[in-house]
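Chemist: Using the sequences provided together with the hints, build the complete structure.
Those sequence lines, one after another, are chains A and B. Residues 502 to 680 (our numbering) are what the first sequence spells out, left to right. Residues 2 to 105 (our numbering) are what the second sequence spells out, left to right.
Hints are supplied without guarantee of correctness; some may be wrong.
Stated by the list, open to error - In silico lysine-lysine, DSBU-like type, Cα no more than 30 Å apart, as pairs: (1) B/Lys-58 - B/Lys-48; (2) B/Lys-32 - A/Lys-613; (3) A/Lys-614 - B/Lys-32; (4) B/Lys-100 - A/Lys-525; (5) B/Lys-78 - A/Lys-614; (6) A/Lys-525 - B/Lys-78; (7) B/Lys-86 - A/Lys-525; (8) B/Lys-78 - A/Lys-569.
Said to hold, decoys possible - Just a few of them, taken from the derived set where beta-carbon distance is under 8 Å, the chain B residues facing chain A: (9) Lys-78; (10) Pro-88; (11) Val-105.
Hints were generated in silico from the structure; no laboratory data involved. Beta carbons: idealized from backbone N, C-alpha and C, even for Gly.
The chain contents come next:
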Amino acid sequence: MTSTTETAPAVVPNFDDEDSGGRKLAIICSKGNLDMAYPGLILANAALGEGVETHLFFTFWGFDMITKSHMHDLKFSPVGNTAMHMPVGDVRVPQALAPLPGMQPMATKMIKKSIADLGVPEVPEFLDLIVASGGHLWACRMSADMNKVTEDDLYEGVEAIINASDFIELTDGAQLLFI
Amino acid sequence: MPVTSLNGRDVHVDDEGFLTEYDEWDDDLGKVLASNIGIDLTDEHWKVIHFLRDDYKTQGETATIRRVSTVGGVPTKQLFTLFPKKPAKKMAYVAGLPKPHGCV
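Modeler: Structure (structure tokens):
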């Protein structure tokens, strides 16, 4: 029997304060394209907002997301991206035209605008948000050595340059995403 | 839609307990909602709650954590202290608003 006006005892949302204590998420960011930088950042932010302990490990091209010299300037390219179409409608760039001069800056500008229109921050500010929310950022040792950079060259929210074993150790029991 | 009794009066809530009628909320009810989830309200909490209420009125949707910090002027870190672990949902609940829809 159901009734839409029945007075029920007070319903209080279950915020699972005790249960979520043990959940841990590790995200490996391995891509430096603008469009591939966002999934990890958005999921990390969402997890932190749900009280989940979150670690991000930046490696290979994903390392550009945390280097001061590249983080403000990630690019989006239509080259090799046959799925790409304009935000509205189904206008596609023929692959033969994708590598032409000017295409990459134009595509980058367009995707940046779409993201900004949604009120989603650019990569450096997004990292600020993640750090302020309690997220942990780690830089890959091998990538640092390949790029010949030190902690001074990295975004200040990065906790340390660590090797793969360190990362595996500190994310013991975590759910893991490789992006 | 269930009706529940809070602070001696009947209010409309969704299945999880979030208020569904904007006008059924007032400061007194906010205090009751906060105590339901173990939060003692300070002036800092009220600043956030009143921002959320006003913002909802003009925007028609609940502000996300980022909006509360960039537009409302309360730093993200502080939101996690005021409403531990799940600030977005907790502050929406206390302010008598639906959960935010935005991802960021």
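Chemist: Which numbered hints turn out to be false for this structure?
Modeler: Numbers 2 and 3, in rising order.
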